[in-house]
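Undergrad: Here is what each chain is made of, one letter per residue.
There are 4 protein chains.
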Amino acid sequence: MTARQAQFTGVIPPVVTPLTAEGEIDQASLERLVAFLLEGGVSGLFALGSSSETAYLTEDQRSRVLEIIVGANAGQVPVIAGAIETTTNRVIERGGISKKLGADAVVATAPFYTRTHDTEIDRHFRLIADAVDLPLFAYDVPVCVHSKLSTELVLKLAADGVLAGIKDSSGDDVGFRRLTLGAAPLPGFSVLTGHEVVVDAMLLGDADGAVPGLANVDPHGYTRLVNAAADADWATAKAEQDRLARLFEMVFVAKGTSGTAAGLGAFKTALMLRGIIATNVMSEPMLPLGGTETAAIAELLDTAGLLGTAVPR
Amino acid sequence: MTARQAQFTGVIPPVVTPLTAEGEIDQASLERLVAFLLEGGVSGLFALGSSSETAYLTEDQRSRVLEIIVGANAGQVPVIAGAIETTTNRVIERGGISKKLGADAVVATAPFYTRTHDTEIDRHFRLIADAVDLPLFAYDVPVCVHSKLSTELVLKLAADGVLAGIKDSSGDDVGFRRLTLGAAPLPGFSVLTGHEVVVDAMLLGDADGAVPGLANVDPHGYTRLVNAAADADWATAKAEQDRLARLFEMVFVAKGTSGTAAGLGAFKTALMLRGIIATNVMSEPMLPLGGTETAAIAELLDTAGLLGTAVPR
Amino acid sequence: MTARQAQFTGVIPPVVTPLTAEGEIDQASLERLVAFLLEGGVSGLFALGSSSETAYLTEDQRSRVLEIIVGANAGQVPVIAGAIETTTNRVIERGGISKKLGADAVVATAPFYTRTHDTEIDRHFRLIADAVDLPLFAYDVPVCVHSKLSTELVLKLAADGVLAGIKDSSGDDVGFRRLTLGAAPLPGFSVLTGHEVVVDAMLLGDADGAVPGLANVDPHGYTRLVNAAADADWATAKAEQDRLARLFEMVFVAKGTSGTAAGLGAFKTALMLRGIIATNVMSEPMLPLGGTETAAIAELLDTAGLLGTAVPR
Amino acid sequence: MTARQAQFTGVIPPVVTPLTAEGEIDQASLERLVAFLLEGGVSGLFALGSSSETAYLTEDQRSRVLEIIVGANAGQVPVIAGAIETTTNRVIERGGISKKLGADAVVATAPFYTRTHDTEIDRHFRLIADAVDLPLFAYDVPVCVHSKLSTELVLKLAADGVLAGIKDSSGDDVGFRRLTLGAAPLPGFSVLTGHEVVVDAMLLGDADGAVPGLANVDPHGYTRLVNAAADADWATAKAEQDRLARLFEMVFVAKGTSGTAAGLGAFKTALMLRGIIATNVMSEPMLPLGGTETAAIAELLDTAGLLGTAVPR
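Chains as they are written, first to last, in the numbering used here: chain A, -17 to 295; chain B, -17 to 295; chain C, -17 to 295; chain D, -17 to 295.
Treat the hints loosely; a few may be bogus.
The list cannot tell twin chains apart, which means a pair is met if one copy fits it or any two copies do.
Unchecked claim - No farther apart than 35 Å at their CA atoms in a straight line, the calculated lysine-lysine pairs in the DSBU-like style are these:
# : residue 1 : residue 2
1 : Lys138    : Lys81
2 : Lys81     : Lys130
3 : Lys81     : Lys237
4 : Lys138    : Lys82
5 : Lys237    : Lys130
6 : Lys237    : Lys138
Simulated from the structure, these hints should not be mistaken for lab results.
So here's chain A without its partners, still in its complex pose (with noise of 0.2 Å):
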């Protein structure tokens, strides 16, 4: 990893919310969640990313799930709060929320759902930095925004201590390689990638931690990985990623539904599995994985070496 001193690094996952069977917050399983994934050695919890399912939550329940994160987690590691919202005064009002709740540092999109502009996102950092009193993080993901955060944008902003660092979820691996190398002259700075099978490979390109959606459910295996590259070990860290990515073929088991549903599922279906969360039921609109995907994702956490291994309670 980088020579620069970043405040946000190693594995931070992006804390799935699992439901009741009703569908409404289920406390006793987030709160199992986040021990098991402090004591999987977490430095981090990314709290109302995608990965939460946040698009789904109302207001209050994103508030609830970040009181719970907060109270669960106790001051042990950061929480990173996804202000996931449409544009400038949403985000801002999101933002101050989270900010009374507890948590460390905030996290934006681009504008979406309207149309934007270099000029505009530029400007809806910046306001939303001057506004809220915590960290800000911009999360590049095209996949729902559908606008990619330009490097010179995010570097020139980082630059201008607007942002503290960058969820990167674009798969665009050269603009990530662009980014470590720009950030490199500025202290402080997070570069973060979002995805789960490339770690080992982003850490060798100086990311300087990743938040993983596979990390719900295998923290222990990204921790492993996270040190072992820090360490410069990189044939155990290969070896790592190589058995975390297999673990993740679970995202493409559903067919017929929304990769959303496909792969947030496949986390909610494999912790149920684990013991960890009680059910594997999805926010509506989304369906849960039926009976066949659940024996095809035990089958893959058992290859992975994670079926009937005791899980901390």
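Based on these hints, arrange chains B, C and D on the given structure of chain A.
TA: Just chains B, C and D, lined up with the frame of chain A:
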């Protein structure tokens, strides 16, 4: 127009949201705008659509805008309220508020930000229709939602009584004709076009009405257009449309900004020039159009015969 | 239609390319098809367009097809020849061959496969117009070329005498209306729509003509439609268009295949059923439609009154 | 790199096509370039790829370029020839010519310009492999072809012996890792990355080699990178990659032009500055980079230690 008895027909402008210099909802301007539109002969009001900067308003502001419009309208025409939210439960929550505030129908898009699937979109609209006790319109706006509603799905939802109508801003002329053809046997289902410059053409092809943003600026013109079409006076309809299409060039005046800022900024500037609203202020992070753009828009208004004419106050 | 004196107007079908069972160009069928189209009243023939499977033909086959069409047409109507090639020099080479083989105009797209830019598209069309001694049409077909021709650029090239016309298959109804409005003062410039189901609407909006693939199957119907529009008999034009739009549903019959195979496969199958061409064989790697699809298309032909009617041979 | 015995490994630059001031193929420059690349330690030559301006060359020019490269190479390394054509029969025709001209393998994309489908892409590659008696590479380049090859399809075609390898320029890092993992049990199948700035990372993730356009400019650097990775000396590989990633910034120097003109224009300008090729002329309708851009590229070359160094002639 069609032999069907669609409930929602004619000109239904998506009401823009006037702001004060400080960026607050400008009640007096909004009330003047509603009066102007009603005087202009519109047959409905679409509140909280994309053209209303819905994506930029906080939840409280959304409620406030709807309240003002419903109040100013005082039951003269139906008020259709956008419930533009990312997913099902959020739409339902907003739809319930709209009902309480006096809306006559609600409008929802497919899920956005998150990835989705036809089976989930189907379930999404059915759950909303079940939960919100108002006629439900689908809003097909791929430039915002980044998925296109399938013609087959819309017609199925219409046939099943889930949808009362659709506002089509997809720009897909083939899909639109397939909709009006397919909807022919569905009494009461409204097919509305969201496109400003082809209203004559779409009415020829059996559209029930239009939701043109430009109708904020010239409701009288659109009313004449729709009336001519109802009389099968296509030459008059076409001439009116040509005049309006030339006026619509105002949305292409601003450069180096988002399409939203350029387009809605132009409408607001024109309304300011016509004396209906007080400022052309836009929601953050958009900036209002400047002097050069304002002069160009004044010229287009003049060419269209809309400057210097007495406007109701 | 417009007051301008566009050179190319009316129905100009993109002639499909009949193949033998072995996948070779079927000269006899192609000659029958040309005779059928001329008898159906078309005012031009568009050879080697997307609907001609141009992208699937070798250079020699392209020349052969054009030769047959020019021969069968024998000067009765203008023949417009596609020069659908990735970039400038390739278009120029193909354009020169088209001229030699007797084409009356050539059609080119923006550069494709490679990334391009407005300045390069501008230069591209100017270089082609300089090098090829025939009227030049631009072909705007984003579904193939993956860029959209800008209205401003097209109108500039038209004003400068570079372009003689445009075939618009972009599906962008707003852009199309801006084109016909902008072209109003350009004598001789032809704006042709490539969309099958909105020809009435586009003619109302001043299109000069249409290039509908479905006109292969029912040239008489499209001729009636265009004639009615020329007489400002919009009710008749609209009724004819509705019948044709219902017939057009044939392109949605096949599932689990490409849109090209489904659409062109349907046209070929319908022409086979009408007795004009010998087989519905498609170019590799596409497969012809099967029995179930053929039966469904026969039914659509029957509903449209096109089965059992005597067809010129 | 992998335990598999891939046939095609290491650095395989996509050879740029030098042009004379008049825009003709510059044989002397192309021969010098091949000699430079071979001296730089490359393990193969990719002729007629996107970086070779294939989309801009006439059929005769394509043959001429391949002839010159095969001649200059004189059997020292394998020559892989692009058969970048829209559809199956055209690829087969071009593949046959490539075989005759001495290519050692051919490369084809999925069908482009036309819409396609997985079943047709599958059939496309099988028909080519049957007809062309050379190892067949798939080229996954969505930015040109506008469809992405599915991982499942590629692995199936690999397992069936249809494909000898893939050049992946998709920028989809997750897909790439799934490919190398899935190809692990497929002896001889080559997975090559087309991305210049993540070669170290992709090699860590079991890529067999790279096809970086920038390797035209600095083949020695890429050879050192690949050799270090082969020795599992990841610190050296990463340092070399960082230097090359900084050099790659040359493709972002030009503004107001296409990405192709900016990127390939930069490579040609750099090669001109290094004394390998005579001009930086680009194919029509692209313009060569000008003086300001050339100066900026010279600076980047200098920073990378590539100016003033003796270059083999």
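Undergrad: Are the hints correct? Go through all of them and say.
TA: The hints, checked one at a time:
For a Cα distance limit of 35 Å, the shortest separation of lysine 138 from lysine 81 inside one copy, 25 Å, qualifies, whereas the shortest one across copies, 45 Å, does not. In the homo-oligomer, the alpha carbons of lysine 81 and lysine 130 lie at most 35 Å apart inside one protomer (27 Å), although the nearest pairing across protomers, at 37 Å, exceeds that limit. Taking the shortest alpha-carbon separations for lysine 81 and lysine 237, neither the intra-copy value of 39 Å nor the inter-copy value of 37 Å comes in at or below 35 Å. In this assembly of identical chains, the alpha carbons of lysine 138 and lysine 82 lie at most 35 Å apart only when taken from the same copy (29 Å versus 46 Å across copies).
For the homomeric pair lysine 237 and lysine 130, the shortest alpha-carbon distances inside one copy (27 Å) and between copies (18 Å) are both at most 35 Å. With identical chains, the CA atoms of lysine 237 and lysine 138 are at most 35 Å apart between copies only, with a shortest distance of 18 Å across copies and 41 Å within one.
Hint 3 from the list above is the single one not met by this structure.
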